[in-house]
Amino acid sequence: MTGSSKSPDRLRSLLTQCSHHDKDERYMAISDLKSEIESQPLLESSLQLSIRSAMFARLEDSSSDVQAIAVNCLCSIVQKFNADQVIELVGSIGGLARTKTDPGPREVYSEALRSIVEYVPRGVGKQVFDLLFPSIFEAMGSGTYIGHDQEARANERTLTLRLLQSLLERFDRGSIGEENCLRILPILIKEINQDRNFSDSVVPSVVGSFSGVCSPAVLSQLVLYIVKQLSAPSSGVSPAMIVFTLACIARRSGRRIVQYSSDIIRVLNNVAGLRTTPDLSDTEEDIVAVRQHALTVIQTLIRVGPRFILPQANMVIELSLSLMSLDPNFVETQCDDDGMDDYENDDWGLESDSLAQDDAGDTTWKVRLAALKLVSTFIECDEFANIIRPLFISLIDSLQSRFIERETSVQVQVFQTFTSLITIIPELDSQGENEQNLCKATSSRMTTILQHLRPYIVTSIAQTRLAAHAVVNQLVHTLNGSIVQYFPTIFDCVVEAIGDKDDAAIQLLSLDSIQAMINNMSQEDIVQMGLKRVIDALTESANHEKSHAISKVCAKSFESLSVLFVRMRSSRTSLVYYESSLFSPVYNTMLQAVRTQQESAQSDAHRAASLALAEYLACFGHYLDSNEVLSSIDLMLESTRSRLTESSGLQFLQTVGESSIINSVLAPHAQYIFISIVNILESKAKQSFSTIISYMSVLGTYLDHFENMLTVQALSQCLNALFPFGHSPDATVFPSVHVVSAKLLHALSQRGDKLPMSVMSPLVNQCVSALKVADSLPQSALAAINGVLCGIVSLSNVDEYVSLINILESLPFQQPLLHQTALAPLGHAIADCMIAHSYPDQESLLFASINEFFDRIRPDASSVSLQLVLTIIGDIGNKFALPETLLQHLFSVILSLCMHENESVRNAAAYALGNCIANNANIMILPIVEHMCQNQPQILYFLLHSLKEFFMCPSISDISEQHINFVVPKFLEYAGSDNEGVRQITAECLGKLLVLSPALMISFVENRLRSSSPLIRTTVVTAVKFSYGQRQSGESVSVNSIIPLMTDSNIGVKRQVFLALTAAVQNKSQAFKEGHLLEESIIPCAINASKVNVDLIRKVDFGAFQEIVDDGLLLRQVAYSCLKTVVEHYPGRIPVGSTIVQLADRVATDPDLDLQCTAYQLMTSLAELVPPGLQVDFLEQLPSLLLPSVKTKLAQIRRNPQDTDARKLLAAFIVTVHALHNLNGAESECPKFHVFYQQVLKTALLSEFLKEHQQEPPI
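Position 1144, counted from 1, in the sequence shown is what UniProt numbering calls 1144; the numbers after and before it change by one each time, with no gaps.
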């Protein structure tokens, strides 16, 4: 029989058991029935009625436990029914709840109905609400509840209200309906008015639930009624009931209530301050409740809508502080009667003794707690920082005065609020640049603070003690260096708590405080405070037994010791403080902890003890026996073998390896330590990426120090150990492994040994394999590849270079896996080795190698091979005068690559040809110029590129007049080419020649500046720009010769002139030391060029759409760049006032957002250059220029708050205007601008931008 056929039989059997005479059997049967129902996707219709009837019968069971499990079973059933069945079930139980005359069963059915409602699917919410609400409305509306006596009727009322609350919380506004909300509101108001016993009433919570689902219009009516009752309470209405109800509304309605904040806070301040005459029947409990819940409401409003509270923030703070100290039954000292007359007529008088009871019945602590929580919320809210700042000192003093609080929960809140206030000191100080420094002000009160705090640091009440230690901890962390003089006193306060074995939380806080103090103390300060006391205290806490909590204490103790040793570490002074008797116990404690924590797998404590031990050795290892140090290292090497303590061991080795003892104490053991690390690495089959990186870091550190102490065998063993990890696809692991490999190869190269092919091939294959699995490698990976391959080259024989290239040739041609940044250095390394190695008949062998390389330059060769070969040929040709026959062959072979499809290959070919010209110019120049005359664009561009490489060779310092006369006419001819690429590279060549041979070139160039061809003028000015950018101090084209071209009719010429002038301003300071070129020519022309030329803006019709093209945009960009450079290099030469006004005009007229922002940035920079005595009346012109643009951008943001362009521009605007308003005289001499600035600050968004700017760290 299948499981599915068993299930109905099983259910029927359980239904029979539900009627068993034993209540335990009935209970277990219903429990099993519930489980069976929950495991079924659906219930058979034949079983539904039977199960439902059985559960209904059990609702009247004699056992309350059976009744409860029956209700739970019905809750499970309702989730398996369809909508009609759910409604029928709810209707049946609702009917039974109404018709039962016996109060007991009726209450059970009502509670069952309420529980079931909480599980009813929300999709049938409207039907269920419409089914149940009429009876609820009828009972509540008429106020007639079923029951034989008053108590029974009150109970029935409570059940009805709770059912309504369940419906309101389960279903949304759509299910309830606006019409029903309007019917519910007056009924709830009536219930509020009639119910005076708020502490036992369910009415406030029902009203709160109602406020969460009703419409805004209904919520408005409800809130306004509450406010009215608090302002002018109706006769018989309990203020406590009203305020508690408002608290429920605030908690449930969320942000919807913040729009009424102003009215609510006004009346609550009046009520909580007890300025309204209370009803004579109000008890002390009511008065306390009014104040407590009023404060809670305000706290809720602050949390959900702090900006709405800003106008009344000071009122709220004043109210909180006054109620924070409300403690009528506590008198610390006898006080005089001065000033008591003011309170004689205060009838609410909790401050007076008339309503005060003895301590046993005093509940005013609830008010104080609520007031403190409100103050804490206020402090933690960023929006109130500007209000908190001027009140800070009074808040500190007020809270400090409440340290004497006698109610524990309130006292803890006092300390927590005080801690929150201390926490925000750095933020407040950063915002109040020109105001009192709160850090210093608080530091000056440390004596009083500690005096008041100390009794509670050692109190027997654990909660108070913990909160007091939290205050100390925050003081140390926030005030740090400014209270160093108080650290000994603070240490005395907290050192006792370190030994508090009963409370690990207090121990941790105390240790953290000590650690923070040590971090901010000098060695002398630590010694003065008592070095022995510190070490003894930390050693004692580190020796605790190892429970889970105490393990954290041990870890924190060792962390603190680590910090102490770091602060003490100094080769000059640590010997002064080192005493064997003082440090031996802590040293033994650390060793013991490492052993025991390793055995118990307490990783946190082991890690902290390991680091402390490492820092100890780094600090005092010079004064220990080297064998003693080695035994510690052996212990930590053993730790790395365990997975749980491996990271601790590696961290230890890294810390010791980076310390000064490695070159002295550990040097005799270099070989042993290094081989031990390698052996451990070899024993690890699998490792996480992070662990591999840690091993590589440790090996790299020890290699840096031990390189000359390690044998070739040790280096080779390490190289072999790295092979399994070199194929890692992870982009972070790959570089770390190969960086160590490169270091190993370098160390081997220092020995003079050659690298055998058996080692070289796997290494190269490893690099190639790693490259094949990475589509895009980071620069670090390319550098690591280069390091390994260059290391291989330095250890290879000349005969093996070709073999290396053969291996690299295996890379697929279509994937440029080896980037130029890796290939070029590798090619240079191979060439350097070929040139540097001394062997007989070197030149002949090198030339033979070049001939052999020629065979590789063929169309089907891989780009990797071609780039390597061409780089090597170029480097050899740069160093040697090659035979003419070889040069002729080389020229024809390289020229065949000028149309190669791979740009990197073409660049490498140009590099090779250009470098070969360096030592063979007399042979090479003529054929190059002849081929240039063939007028083939690709060949021409390639040859020009080759000549540029020739001119760029570091070995070239001068060009002969013969060669200049030969090539320059051709350059000047190509200066007017229609091909932009040809013109650009021609300009680069001319620019380099201007640097190499200025005496010969200047006349050529200056004559062409007056050419009638705009293309030639553009090319020649570009060449001048390149020459200005070389920072040479010799002769060059005069700046005066290009000044006239600033007004050239061709926009391309003007653009290059501004670029050239920008380079001149940066690099040719002597040209501007005398005369007035800047003031009379460059600055006015640049400002003029930054103006929009509408004649250069045109529409281009693309058929389906049109696009606006601004041909003047590039010119304006370089004009701004020129102005910016002048401001940076010659700030005193700028006419500040007129320039700012003209830049403001550009903001108003330029359509380009980036240029508008650039103009604002320039204006901000110029504002910093305004001399103190300058008239600033030019500011009066700015509002009319800037306002239209600002309004436009604000309108854009209103339409689209995410408009990043508009936000960017407005942020730049507010920074500029703020800088200008800070000028001397801006406020007094420029009323129009000052009013404009004030209007800007009143705009919320702009004010927010300014605040963000002021919070940014200075650059």
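If you are wondering where the hints come from, they were derived from the structure by calculation, not from laboratory data. Don't take every hint at face value.
Ranges of calculated distance between the beta carbons of each label pair, as one might list FRET restraints [as the list claims (entries may be wrong)]:
no. : residue 1 : residue 2 : range
1   : Glu973    : Asp1177   : 41 to 49 Å
2   : Gly123    : Ser92     : 40 to 48 Å
3   : Arg641    : Glu383    : 54 to 62 Å
4   : Ser1038   : Pro1131   : 20 to 28 Å
5   : Glu383    : Gln1202   : 19 to 27 Å
6   : Asp1101   : Pro954    : 51 to 59 Å
7   : Glu383    : Asp525    : 38 to 46 Å
8   : Gly481    : Leu644    : 32 to 40 Å
Here are the simulated EDC-like pairs of lysine to aspartate or glutamate, each with C-alpha atoms no more than 20 Å apart in a straight line [to be verified]:
no. : residue 1 : residue 2
9   : Lys228    : Asp263
10  : Lys80     : Glu25
11  : Lys1191   : Asp1152
12  : Lys1091   : Glu1035
13  : Lys190    : Glu138
14  : Lys1099   : Asp1111
15  : Lys532    : Glu496
16  : Lys532    : Asp503
For every residue, glycine included, the Cβ atom is placed at its ideal position computed from N, Cα and C.
A quick look at each hint next to the structure:
no., hint, in the structure
1, Glu973 / Asp1177: 41 to 49 Å, "violated (57 Å)"
2, Gly123 / Ser92: 40 to 48 Å, "violated (20 Å)"
3, Arg641 / Glu383: 54 to 62 Å, "holds (56 Å)"
4, Ser1038 / Pro1131: 20 to 28 Å, "holds (25 Å)"
5, Glu383 / Gln1202: 19 to 27 Å, "holds (22 Å)"
6, Asp1101 / Pro954: 51 to 59 Å, "holds (52 Å)"
7, Glu383 / Asp525: 38 to 46 Å, "holds (39 Å)"
8, Gly481 / Leu644: 32 to 40 Å, "holds (38 Å)"
9, Lys228 / Asp263, "holds (10 Å)"
10, Lys80 / Glu25, "violated (25 Å)"
11, Lys1191 / Asp1152, "holds (17 Å)"
12, Lys1091 / Glu1035, "violated (34 Å)"
13, Lys190 / Glu138, "holds (14 Å)"
14, Lys1099 / Asp1111, "holds (11 Å)"
15, Lys532 / Glu496, "holds (15 Å)"
16, Lys532 / Asp503, "violated (24 Å)"
Figure legend: structure checked against the earlier numbered hints; hints not met, in rising order: 1, 2, 10, 12, 16.
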